[in-house]
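Chains as they are written, first to last, in my numbering: chain R, 1 to 317; chain S, 1001 to 1302.
In case anyone wonders, no lab produced these hints; they're calculated from the structure. Small disclaimer: the values here were computed from a predicted structure and weren't measured. Keep in mind that the hints are not guaranteed to be accurate.
Claimed, not checked - Capping the alpha-carbon separation at 30 angstroms, the derived lysine-lysine pairs in DSS-like fashion look like this: (1) LYS1216/S x LYS13/R; (2) LYS3/R x LYS13/R; (3) LYS120/R x LYS199/R; (4) LYS19/R x LYS1105/S; (5) LYS12/R x LYS1075/S; (6) LYS1105/S x LYS13/R; (7) LYS199/R x LYS304/R; (8) LYS1075/S x LYS119/R; (9) LYS3/R x LYS19/R; (10) LYS119/R x LYS1296/S; (11) LYS1108/S x LYS304/R; (12) LYS12/R x LYS1005/S; (13) LYS88/R x LYS12/R; (14) LYS1228/S x LYS12/R; (15) LYS1228/S x LYS1106/S; (16) LYS162/R x LYS88/R; (17) LYS1228/S x LYS1105/S; (18) LYS1296/S x LYS1216/S; (19) LYS273/R x LYS304/R; (20) LYS1057/S x LYS147/R; (21) LYS247/R x LYS1106/S; (22) LYS147/R x LYS162/R; (23) LYS1057/S x LYS162/R; (24) LYS119/R x LYS1005/S; (25) LYS1228/S x LYS1296/S; (26) LYS304/R x LYS1106/S; (27) LYS88/R x LYS247/R; (28) LYS1011/S x LYS199/R; (29) LYS1228/S x LYS19/R; (30) LYS13/R x LYS1057/S; (31) LYS19/R x LYS1106/S; (32) LYS119/R x LYS199/R; (33) LYS12/R x LYS147/R; (34) LYS19/R x LYS1108/S; (35) LYS13/R x LYS1108/S; (36) LYS247/R x LYS1105/S; (37) LYS1216/S x LYS19/R; (38) LYS3/R x LYS1216/S; (39) LYS1057/S x LYS1075/S; (40) LYS1108/S x LYS1216/S.
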Amino acid sequence: MKKELILENDRKKIISMIKNFLFSLFRLIVIAGISYVILGPIIGIIANSFFSDADAYNPMVYLLPQSPTLERYRLAILRLDYWSTAGKTLLYSISLMAVQVLICSMVGYGFARYNFPLKKLLFACVVVMIVIPMHTIMLPIYVTFAKFDPLGLCTLFTGSSKNLLSTPVPMYIMTALGCGLRSGLYIYIFNQFFRGLPKEIEEAAFVDGASTWYTYFRIMLVNAIPSVITVAIFSMVWQYNDTFYSKLFLISPDIVISKKITSLQQTISNLDKVLDPTISQLYAYAGIILVILPILIVYIALQKYFIEGVERSGIVG
Amino acid sequence: MKKKKMSLTTKRSITGYVFILPWLAGFLIFYLRSLIMTANFSLSEITVAVGGGYDSKFVGLQNYLYAFRAHGSFKQVLTTSVGNMLIDVPLITFFSLLMAMLLNKKFKGRTLVRAIFFLPVIMNSAAITAAIDMSRQMLAGGLSASSAEMAGAASGVNVMYYVEMFSSLGLPSGVLDYIVAAVARINDIISASGVQIIIFIAALQSIPGSMYEVAKIEGATAYETFWKVTFPMVMPHIITNVVYTVVDNFANSEIVEMAYDTAFTEVNYGLSSAMSLVSTAIVCVILVIVCGFIQKRTFYYN
Chain R
1 MKKELILEND RKKIISMIKN FLFSLFRLIV IAGISYVILG PIIGIIANSF FSDADAYNPM
61 VYLLPQSPTL ERYRLAILRL DYWSTAGKTL LYSISLMAVQ VLICSMVGYG FARYNFPLKK
121 LLFACVVVMI VIPMHTIMLP IYVTFAKFDP LGLCTLFTGS SKNLLSTPVP MYIMTALGCG
181 LRSGLYIYIF NQFFRGLPKE IEEAAFVDGA STWYTYFRIM LVNAIPSVIT VAIFSMVWQY
241 NDTFYSKLFL ISPDIVISKK ITSLQQTISN LDKVLDPTIS QLYAYAGIIL VILPILIVYI
301 ALQKYFIEGV ERSGIVG
Chain S
1001 MKKKKMSLTT KRSITGYVFI LPWLAGFLIF YLRSLIMTAN FSLSEITVAV GGGYDSKFVG
1061 LQNYLYAFRA HGSFKQVLTT SVGNMLIDVP LITFFSLLMA MLLNKKFKGR TLVRAIFFLP
1121 VIMNSAAITA AIDMSRQMLA GGLSASSAEM AGAASGVNVM YYVEMFSSLG LPSGVLDYIV
1181 AAVARINDII SASGVQIIIF IAALQSIPGS MYEVAKIEGA TAYETFWKVT FPMVMPHIIT
1241 NVVYTVVDNF ANSEIVEMAY DTAFTEVNYG LSSAMSLVST AIVCVILVIV CGFIQKRTFY
1301 YN
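Kindly generate the complete structure, drawing on both the sequences and the hints.
This is the structure we're talking about:
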């Protein structure tokens, strides 16, 4: 009787081992397949960016160049004015990110912790902001900044309205007023997160005599680090990649590298007389790698905090 | 003058307003006012005046009528965009749920895999996407390969052969079309589901482990556990994901591109506003219907 039981147990163990193995195998296959779909083209781009002219036309060459060259990178760096452009773009997106994190966390905190009249309606407006795409309202915003005249102040001091287009100022104004790139989403994330924090934290701070602002900056924001990291990375990455706003506000490609890269191939074929599209495409590939690189480095450095952060960040209520 | 003493509630609601003040101002200036202006534009004929200003002349519904009756491709692009959305959204939602469940279990290299899955989100600028498409075609064999040939070349199977086989088996052609469309856009679906996967992983981790223990003790199979525990528990986040997917998909759709070109290439602001408003209205209706549908079936734990 006892022996049978042991045998039965062993059988079950073996079955569950096989099940686990099959599941792992299935997972491995699926993950490998999808990783290939994602990484394949990137590997292709990296490989191609080292191709020499001969390699590009040699049908025997697949991914591994026969005579690798750094020429593509040299010219792409020169024509992108890489170091200066990348530096300015990073400065631009990091400063916007800082403003965005500050404003959106404040607004999210206000919605999460304070009761005021019309709160439900106003929060519905935040949701509306997420849902309504920017494209619906791009024209009025374009017009607003083309003739920028808040309350008639510009006309009062300089005699005419100011044209803020082709400078990054509109972007800063919109972000500082909580209407920047996907601000609605970030407000939502912060709101969810602050709602999940225990009320006792603030009560203790209040009893100890901390002011509202001290409580917010030194206590609540510190507790919200996972959310802050999540929003910061989202914000920076999207800002760095954004071409919609920079196109709309005619921001110079010299401070928005993702806009500059779109014309790189054209620039190189015009200026350097690389008229063969197959060859000029190789320069574009090198440019793409250069553009991805800074953001990739930031992401790899922060990705551990990021993915752990998202899990605790209040995207999930 | 004696200062009037405020009650704590009033004080706190004022502080609350102070916190949301920047956003409130921005919303009123940029969103509310702009929406009204867009509606106004769509009912007018806009002529750009010398010196950067514009003159508007009220023309009633003329822009809308033009878009629907006379414009060369508006209706077509609109239906394709909405159609693509209806194909993509369920696929992305279920794909990302499946992936989140695969990635939620502990295994070696999990962090790396999650990082890879999130890569498309990092690289979603227009130029990069274009280059990736080029590179993908190149990998599949030559720049001339179209996407259908590509799928065949990459996997070594003739897609059309299977399509014909299934249609001769009597599978309804609507279902078959959907499956073919889904397979043809597998790349788009994978690259559009980075954020959704992360949201679902977070949702899965917020399910208390005790619920799985109970299910196990009661003798539920893995299949039952999924439908009775996991699925109801992630249901609220399905709404979040569907909304995110719809909005994201719409922002990248052809119809938006078209409205943009109409405004800035053809300098027809009135028509462009009408197009934007029509497409936004359609998307909002879809969102309301879908959310209402899911909400009714959603189980809230708390």
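We went through each hint and held it up to the structure:
1. LYS1216/S x LYS13/R: holds, 16 angstroms
2. LYS3/R x LYS13/R: Status holds; Cα separation ~15 angstroms.
3. LYS120/R x LYS199/R: Distance of about 20 angstroms is within 30 angstroms: holds.
4. LYS19/R x LYS1105/S: holds, 15 angstroms
5. LYS12/R x LYS1075/S: violated, 61 angstroms
6. LYS1105/S x LYS13/R: Roughly 20 angstroms between the alpha carbons, so the hint for LYS1105/S and LYS13/R holds.
7. LYS199/R x LYS304/R: Satisfied, since the Cα-Cα distance of roughly 29 angstroms is no more than 30 angstroms.
8. LYS1075/S x LYS119/R: violated, 39 angstroms
9. LYS3/R x LYS19/R: Cα-Cα ~24 angstroms, so holds.
10. LYS119/R x LYS1296/S: It holds: about 25 angstroms lies between the C-alpha atoms, which stays within 30 angstroms.
11. LYS1108/S x LYS304/R: holds, 15 angstroms
12. LYS12/R x LYS1005/S: violated, 74 angstroms
13. LYS88/R x LYS12/R: violated, 62 angstroms
14. LYS1228/S x LYS12/R: holds, 24 angstroms
15. LYS1228/S x LYS1106/S: holds, 22 angstroms
16. LYS162/R x LYS88/R: It holds: about 24 angstroms lies between the C-alpha atoms, which stays within 30 angstroms.
17. LYS1228/S x LYS1105/S: holds, 19 angstroms
18. LYS1296/S x LYS1216/S: holds, 28 angstroms
19. LYS273/R x LYS304/R: Status violated; Cα separation ~45 angstroms.
20. LYS1057/S x LYS147/R: With Cα atoms ~20 angstroms apart, LYS1057/S and LYS147/R stay inside 30 angstroms; holds.
21. LYS247/R x LYS1106/S: The hint is violated at about 43 angstroms.
22. LYS147/R x LYS162/R: Holds: LYS147/R and LYS162/R sit about 6 angstroms apart, inside 30 angstroms.
23. LYS1057/S x LYS162/R: holds, 25 angstroms
24. LYS119/R x LYS1005/S: holds, 24 angstroms
25. LYS1228/S x LYS1296/S: Holds: LYS1228/S and LYS1296/S sit about 17 angstroms apart, inside 30 angstroms.
26. LYS304/R x LYS1106/S: Holds. LYS304/R to LYS1106/S sits at ~15 angstroms (cutoff 30 angstroms).
27. LYS88/R x LYS247/R: holds, 17 angstroms
28. LYS1011/S x LYS199/R: This hinted pair holds, its Cα atoms lying about 18 angstroms apart.
29. LYS1228/S x LYS19/R: holds, 21 angstroms
30. LYS13/R x LYS1057/S: violated, 80 angstroms
31. LYS19/R x LYS1106/S: Within the cut-off at roughly 16 angstroms; holds.
32. LYS119/R x LYS199/R: Measuring from Cα to Cα gives roughly 19 angstroms; hence the hint holds.
33. LYS12/R x LYS147/R: violated, 76 angstroms
34. LYS19/R x LYS1108/S: holds, 18 angstroms
35. LYS13/R x LYS1108/S: Holds, because 22 angstroms separates the two Cα atoms, which is no more than 30 angstroms.
36. LYS247/R x LYS1105/S: With Cα atoms ~42 angstroms apart, LYS247/R and LYS1105/S exceed 30 angstroms; violated.
37. LYS1216/S x LYS19/R: With Cα atoms ~16 angstroms apart, LYS1216/S and LYS19/R stay inside 30 angstroms; holds.
38. LYS3/R x LYS1216/S: Roughly 26 angstroms separates the two Cα atoms, so the pair holds.
39. LYS1057/S x LYS1075/S: holds, 25 angstroms
40. LYS1108/S x LYS1216/S: holds, 25 angstroms
Checked against the numbered hints given earlier, this structure breaks hints 5, 8, 12, 13, 19, 21, 30, 33, 36; the rest are met.
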